[in-house]
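With the hints as constraints, model all of the structure from the sequences given.
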Amino acid sequence: MIVHQQVSTDLSPQDVQASIDAVYDQMRVLVASHGGRPGLRQALRPLRERLRVLQETEALQVAARFDSHFQAEYDAAQALIAEARELLR
Amino acid sequence: MTRYLPPATQPWSRRIERRHTPKTGSYSSFRQCLRWEFGFSCAFCLLHETDLSQVGVEGWSLMQAEHRISQSDDPSQRHIYSNCFYICERCNKSRGAMSNHEHGLALLDPCTVAWADHFERVGDTVRPRPNNHSAQYTWEIYDLDDPSKVQTRERRRYWLERYAEALLDCANLELMLLDKAVDEADDRDSAKTDRRLAVAQSLRRIESSLLEKLAEFSPIPKNRSSSCRCGRTEHLSLFEGLAEQTIDLPELLTQAKKHRKE
Numbered sequence: 001m002i003v004h005q006q007v008s009t010d011l012s013p014q015d016v017q018a019s020i021d022a023v024y025d026q027m028r029v030l031v032a033s034h035g036g037r038p039g040l041r042q043a044l045r046p047l048r049e050r051l052r053v054l055q056e057t058e059a060l061q062v063a064a065r066f067d068s069h070f071q072a073e074y075d076a077a078q079a080l081i082a083e084a085r086e087l088l089r
Numbered sequence: 001m002t003r004y005l006p007p008a009t010q011p012w013s014r015r016i017e018r019r020h021t022p023k024t025g026s027y028s029s030f031r032q033c034l035r036w037e038f039g040f041s042c043a044f045c046l047l048h049e050t051d052l053s054q055v056g057v058e059g060w061s062l063m064q065a066e067h068r069i070s071q072s073d074d075p076s077q078r079h080i081y082s083n084c085f086y087i088c089e090r091c092n093k094s095r096g097a098m099s100n101h102e103h104g105l106a107l108l109d110p111c112t113v114a115w116a117d118h119f120e121r122v123g124d125t126v127r128p129r130p131n132n133h134s135a136q137y138t139w140e141i142y143d144l145d146d147p148s149k150v151q152t153r154e155r156r157r158y159w160l161e162r163y164a165e166a167l168l169d170c171a172n173l174e175l176m177l178l179d180k181a182v183d184e185a186d187d188r189d190s191a192k193t194d195r196r197l198a199v200a201q202s203l204r205r206i207e208s209s210l211l212e213k214l215a216e217f218s219p220i221p222k223n224r225s226s227s228c229r230c231g232r233t234e235h236l237s238l239f240e241g242l243a244e245q246t247i248d249l250p251e252l253l254t255q256a257k258k259h260r261k262e
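From first to last, the protein sequence lines stand for chains W and P. Sequential numbering from 1 applies to the first sequence in the numbering used here. Sequential numbering from 1 applies to the second sequence in the numbering used here.
Hints are computed from structural coordinates only; laboratory data are not their basis. Built from N, CA and C at the ideal position, the CB exists for glycine as well. Don't take each hint at face value.
[What the hints assert, rightly or not] Restraint-style ranges between C-beta atoms, simulated for each label pair:
1. N223/P x R28/W: 30 to 38 Å
2. A82/W x K261/P: 15 to 23 Å
3. D21/W x G56/P: 17 to 25 Å
4. T24/P x G36/W: 16 to 24 Å
5. A76/W x N223/P: 20 to 28 Å
6. T233/P x Q71/W: 25 to 33 Å
7. N223/P x R37/W: 45 to 53 Å
8. V55/P x G36/W: 39 to 47 Å
9. P13/W x N132/P: 31 to 39 Å
[Claimed, not checked] Restricting the straight-line Cα-Cα distance to at most 20 Å, the calculated cross-link-like pairs of lysine to aspartate or glutamate (DMTMM-like) are:
10. K213/P x D67/W
11. K192/P x D67/W
12. K192/P x E86/W
13. K213/P x D75/W
14. K180/P x E86/W
15. K93/P x D25/W
16. K213/P x D187/P
17. K180/P x E83/W
Given below as structure tokens:
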């Protein structure tokens, strides 16, 4: 099980989703196979860390999705606002 | 008047009172009732459909039905409407098949308690209130502040505020340019007057396109269904805890002004 692998920044949103799903699946398999013995929390910890790294990558993709959707109109407005201010001088 | 989601949704100030009474059937047939019932929002982490996709969530599994009493704990609850909640995929994945109670702690139910009594919005996070163990447990099980949820809340707030500020600037500058163009129309530089009028007109147009984009933050999505399994239409409205937070354009612009002064 690879849990400490760095997440590539080149992963597509679909790849990140699939990786997150895979980590959840691994966690659930671990929980199911542990049979209530102590030490489950410790066993889950590396997977939890892996999940956090993937969620942080997902967070960057969320920001990129929002920005690509809203940036163009905003930039066009800002260019006009700057020109209007110039013409008011 | 058009209303918008607030830049920062606060935990619901009252419990979500169920108004829908769908005919019995498979839980998947409750979907439209659940969308309306929970204001097109994740009942737990407060993210709205529009936060998750600007093109609509239907068909993408981004919002799902959650079983409070999990299917593994009690299969007989699978198709009981009162056991179903509208929830984002991230919260659903995080909970997985976890039971709704463990070690004397139980998951909080937004249809029974006011979320604001148990959680508070701190920046772009939704934190359990201090010493509230059930809230802490619920927060952990649903991972209410996983980085992608926090980022999603931050981006909605950011863009709503930026667009409101830009709208304010466009509206003010359009009027100022128009005044200046008219006041100085007798000057020799008619090219400058013409340019002022042209830019004022462009500002007017860009206001329209900013407003069009802002409309994507409508609390009732364009692709909502106008019918549900109840077969009635009088309860196709937002629940109070969300409705009271929505804002109209003047309020949004006032907030932008205030934000700018700060």
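A quick look at each hint next to the structure:
1. N223/P x R28/W: 30 to 38 Å: holds, 32 Å
2. A82/W x K261/P: 15 to 23 Å: holds, 21 Å
3. D21/W x G56/P: 17 to 25 Å: holds, 22 Å
4. T24/P x G36/W: 16 to 24 Å: violated, 36 Å
5. A76/W x N223/P: 20 to 28 Å: Taking Cβ atoms as reference, A76/W and N223/P lie about 27 Å apart, which means the hint holds.
6. T233/P x Q71/W: 25 to 33 Å: violated, 38 Å
7. N223/P x R37/W: 45 to 53 Å: The hinted range 45 to 53 Å holds for N223/P and R37/W, with Cβ atoms some 48 Å apart.
8. V55/P x G36/W: 39 to 47 Å: Once the Cβ atoms are compared, 45 Å apart, the range 39 to 47 Å for G36/W and V55/P holds.
9. P13/W x N132/P: 31 to 39 Å: holds, 34 Å
10. K213/P x D67/W: Answer holds: K213/P to D67/W is near 12 Å, not above 20 Å.
11. K192/P x D67/W: violated, 35 Å
12. K192/P x E86/W: holds, 11 Å
13. K213/P x D75/W: holds, 13 Å
14. K180/P x E86/W: holds, 12 Å
15. K93/P x D25/W: holds, 10 Å
16. K213/P x D187/P: Between K213/P and D187/P the Cα gap is close to 39 Å, so the pair fails against 20 Å, i.e. violated.
17. K180/P x E83/W: holds, 14 Å
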